[in-house]
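Read left to right, the sequence shown gives residues 1 to 276 (the UniProt record's numbering).
Where hints are given, some of them may not hold.
Pair ranges (Cβ atoms, derived) [unchecked claim]:
1) Q28 to L240: 32 to 42 Å
2) F100 to E234: 17 to 27 Å
3) N93 to S131: 17 to 27 Å
4) I33 to H59: 18 to 28 Å
5) K162 to K108: 18 to 28 Å
6) H151 to R188: 33 to 43 Å
Bear in mind the hints are in silico, worked out from the structure with no lab data behind them.
For every residue, glycine included, the Cβ atom is placed at its ideal position computed from N, Cα and C.
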Amino acid sequence: MSVQVIKLPGKISSYRFLSRGAVGWVYQINDRIALKFALAPVFHEFARENSMFDLLETHQPHPHIIQSFFRLPNANFLAFMSGGPLDVRLRSNQIRQGYFGKVIRVLKTDPVELVERWLQELCSGVIWLESLGYVHGDLRPTNLLLDGQDHLKLADFDCAEKVGEPSRGNGPAWARVLGDDADELGERKGSFGINGPRTEQFAIGSNLYCMAYGLEPYKDRDDRGLVLVELLQEMQFPELQDRPLDLIIERCWRALSSIEGFLGGGGITSERAAFV
């Protein structure tokens with residue numbers, strides 16, 4: 001079935017354009033509000049995200065989940081995050097071969113103290129979603145937004161799924177196709193497994209790698225795509241250093257338990273999540 005693209009109303013297109021995602025364009029309305037406008041009149045993913053915000057709205061707002069103020073079938077009025085996506089922050093410190101090309105050099109990374117805080121805020125948001133019975137399903141730097149004080153908030157919930165259901169997966173390095181360890185996990189080899197702490201933990205590890213190293217895992221390689229899928233399936237990960245954050249990355253990627261000691265306890269309290 002073909003999808004008809006909506007022409008943006010003139011009043012919306014006159015505002016400051018922020019970004020274009022898979023399901024909508026985002027504009028800054030003022031210093032507090034951003035508008036996400038659907039690209040099509042019937043868009044399943046946009047409706048899915050609105051439904052997630054309907055659910056989230058039945059609970060007290062979480063400090064590390066972006067807030068939606070008002071929703072329509074083709075529009076979502078959200079809190080404006082002046083710091084922008086983490087992806088933009090990372091790119092500003094990289095030299096790349098074109099926008100989608102490999103990273104040639106990382107000019108600098110953020111202070112360890114800030115990265116540790118981002119990790120705690122990311123885990124706090126993920127654990128809260130898990131307590132409601134959902135996984136985010138698309139944890140990546142483009143969906144992690146920063147406010148004016150560099151605090152991190154999760155955004156984009158069009159890929160959210162219920163805990164315990166088969167995972168639809170994601171591209172490398174945000175999800176991993178199960179390899180020979182699948183039988184031990186009680187999940188099927190060659191699939192993305194079951195939505196839960198393991199799937200989100202893996203994505204957290206890759207996002208923490210981005211924060212600590214300033215680029216996506218394997219983004220400095222020429223070969224991508226299927227090669228990376230196979231490397232991750234075989235648990236061949238980028239080389240890490242011997243720092244506390246690197247040990248956390250390793251534990252996230254390998255689905256090992258108990259990284260709580262490295263986080264200092266800051267809000268990471270869910271006993272159900274394997275990554276604590």
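In rising order, the numbers of the hints this structure does not comply with: Numbers 3 and 5 - these are the hints that the structure violates, sorted from lowest upward.
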